[in-house]
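For the protein sequence lines, the chains are A and B, in the order given.
Here the first sequence stands for residues 20 to 396, where the numbers follow our numbering.
Here the second sequence stands for residues 490 to 648, where the numbers follow our numbering.
Since the hints were derived computationally from the structure, they do not count as laboratory data.
A portion of the hints provided could be inaccurate.
If we take Cβ atoms under 8 Å as the criterion, some of the chain B residues that face chain A in the derived model are [to be verified]:
id	residue
1	Met-490
2	Ala-503
3	His-513
4	Glu-527
5	Leu-535
6	Ile-563
If you want the footprint, here are the derived chain B segments under chain A, 3+ residues with CB under 8 Å [unchecked claim]:
id	segment
7	514-526
8	611-617
9	622-633
Built from N, CA and C at the ideal position, the CB exists for glycine as well.
So you can see what is in the structure, the chains are spelled out below.
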Amino acid sequence: MRRELAQVPVPDADAAEQRARAVVVSAFAAQEPVPARRRPGRLAAALVAAVLAAIVAGAALSPPGRAVVERIREAVGVEDAEPALFRLPAPGPLLIHAEDAAWIVRPDGSRRRLGAYREASWSPFGRYLVAARANELLALEPGGSTRWSLARRAPGHARWAGTQTDTTIAYVDRTGLRVVAGDGTGDRLLSPAEDGPLAWRPGARHELAYVKASEVRVQDTESGRVLWRGNRGLNFPVLALEWSTDGRRLLVVSAYALRVFDERGRVVAQDDPSDGTLEVDAAFRPGTHEVVAIRRHGSQSTVFHLRSGKPVFSGTGVFTELEWSPDGRWLLIGWETADQWVFVRPAAPRRIRAVAGISAQFDSRGFPRVEGWCCPG
Amino acid sequence: MRGAQRGSASDLEALFDAHWPRAHRAAYLVVHDSALAEDIAQEAFLAAIRNLDRFDRGRAFGPWLHRIVVNRAIDAARARSLRREAELTEGAAAEDAREPADSTVLAALAGLPPEQRAVVVMRHLLGYTPGEIARALDLPRGTVNSRLRRGLDAMRSEL
Numbered sequence: 020m021r022r023e024l025a026q027v028p029v030p031d032a033d034a035a036e037q038r039a040r041a042v043v044v045s046a047f048a049a050q051e052p053v054p055a056r057r058r059p060g061r062l063a064a065a066l067v068a069a070v071l072a073a074i075v076a077g078a079a080l081s082p083p084g085r086a087v088v089e090r091i092r093e094a095v096g097v098e099d100a101e102p103a104l105f106r107l108p109a110p111g112p113l114l115i116h117a118e119d120a121a122w123i124v125r126p127d128g129s130r131r132r133l134g135a136y137r138e139a140s141w142s143p144f145g146r147y148l149v150a151a152r153a154n155e156l157l158a159l160e161p162g163g164s165t166r167w168s169l170a171r172r173a174p175g176h177a178r179w180a181g182t183q184t185d186t187t188i189a190y191v192d193r194t195g196l197r198v199v200a201g202d203g204t205g206d207r208l209l210s211p212a213e214d215g216p217l218a219w220r221p222g223a224r225h226e227l228a229y230v231k232a233s234e235v236r237v238q239d240t241e242s243g244r245v246l247w248r249g250n251r252g253l254n255f256p257v258l259a260l261e262w263s264t265d266g267r268r269l270l271v272v273s274a275y276a277l278r279v280f281d282e283r284g285r286v287v288a289q290d291d292p293s294d295g296t297l298e299v300d301a302a303f304r305p306g307t308h309e310v311v312a313i314r315r316h317g318s319q320s321t322v323f324h325l326r327s328g329k330p331v332f333s334g335t336g337v338f339t340e341l342e343w344s345p346d347g348r349w350l351l352i353g354w355e356t357a358d359q360w361v362f363v364r365p366a367a368p369r370r371i372r373a374v375a376g377i378s379a380q381f382d383s384r385g386f387p388r389v390e391g392w393c394c395p396g
Numbered sequence: 490m491r492g493a494q495r496g497s498a499s500d501l502e503a504l505f506d507a508h509w510p511r512a513h514r515a516a517y518l519v520v521h522d523s524a525l526a527e528d529i530a531q532e533a534f535l536a537a538i539r540n541l542d543r544f545d546r547g548r549a550f551g552p553w554l555h556r557i558v559v560n561r562a563i564d565a566a567r568a569r570s571l572r573r574e575a576e577l578t579e580g581a582a583a584e585d586a587r588e589p590a591d592s593t594v595l596a597a598l599a600g601l602p603p604e605q606r607a608v609v610v611m612r613h614l615l616g617y618t619p620g621e622i623a624r625a626l627d628l629p630r631g632t633v634n635s636r637l638r639r640g641l642d643a644m645r646s647e648l
């Protein structure tokens, strides 16, 4: 029996091993402990200062040079980071998930813990939230009170969309992909055996994007008709699925493939990193088709413009996510290794603001996850 | 293992080379889906390296990794069978996402529930004793023995 089990052919075993090796080695490199900032001796400090000054003087005159300087400067977290989140740099509240709880952060920096939820996301105009517990899907007021709830097994990936008068929530539970009206009525199965993430196409039509194996599908949830299917590249878990504000582009990101589809399912942009480089997250700048993405290679993370390849921000360690402010002016980058949120305004005059000690501010042992910055449009 | 705990990338790669093939194969034999098995084994390695600093050097890495792999594979196989059941009850076109069993023993294994597959794989591929399997899966030893017996009986009749 042992010999037979050991000889059962595993399809694609060699390629799987190579892919997994690249992922595991990259993750290992990324989690190496970041050395604490040391207080250099006077001579060392003088040498470092001299070298940096020379680099700054020589390199800061050109854009690539500035990027190099910033990489050095920001090697282990942004210097001069604020010790607490005193305010957000742009209008609109943030929805945060930390330590099995959902939080709302107001632009003035005030934080409110909504309660223990496995995940949460905004309704389209930010009036409500949809949240999930182990066996319950709930619609909440931003103050935390429950409007309605549905008992469902392991609900997740809930996304709420629609117009001022007609909203729908899509989510996944153990039976598959389901939809329910915004008032909690009419819950029904749309497609069995699917998993998240999900993304509603902006607008009045009920069109939902989701992933099935190596495909991305867009389906009309009213008629059930699949509008188009696209090949999303290697069959790895999807990390981000997002429509552009005008609903004419769909972004699909997994560890080794980034695809941008047009409204008919044709690939109009793509990125297929190699050599152990991983895609981590990507997002459309609100109101545009401009994509900004995070890539990680070894212990280095970089945020870059997909079209031009120009770096926006880079640093040592792990960047977990990025989120645009609703006005499209500021980019929030989660820098887990430094336990910082970095707010970057890419347009001139470029600005960087960082906030340190993010985990402690949400009573969390892990690095908090940004669920959304409300509300586009 | 110690080298990996100290941050040595080459030692981590050696650890990966030593343990990946059996971990991947074990996951595949439980879930019967090569892409899912790859995800499970990869996630297990990632979970393991995230917790390297907490790992007791006096213990072996293999059983620790296999425990993660097999438990995740059981969960994945159960979720899959629940969803297939839902497909049938909802009247939608049933789609068997499992790959065709092109080996006799694989076909026989495929006929078992995930819990029985897991103990057969742990016993006869990974070589653990029933007591070790019971500890890894957090089950009473009698349950492991009965799952093994039923699983092997069913496979024998299939073969």
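Output the numbers, in ascending order, of every earlier hint that fails for this structure. Structure breaks hints 1, 2, 6, 9.
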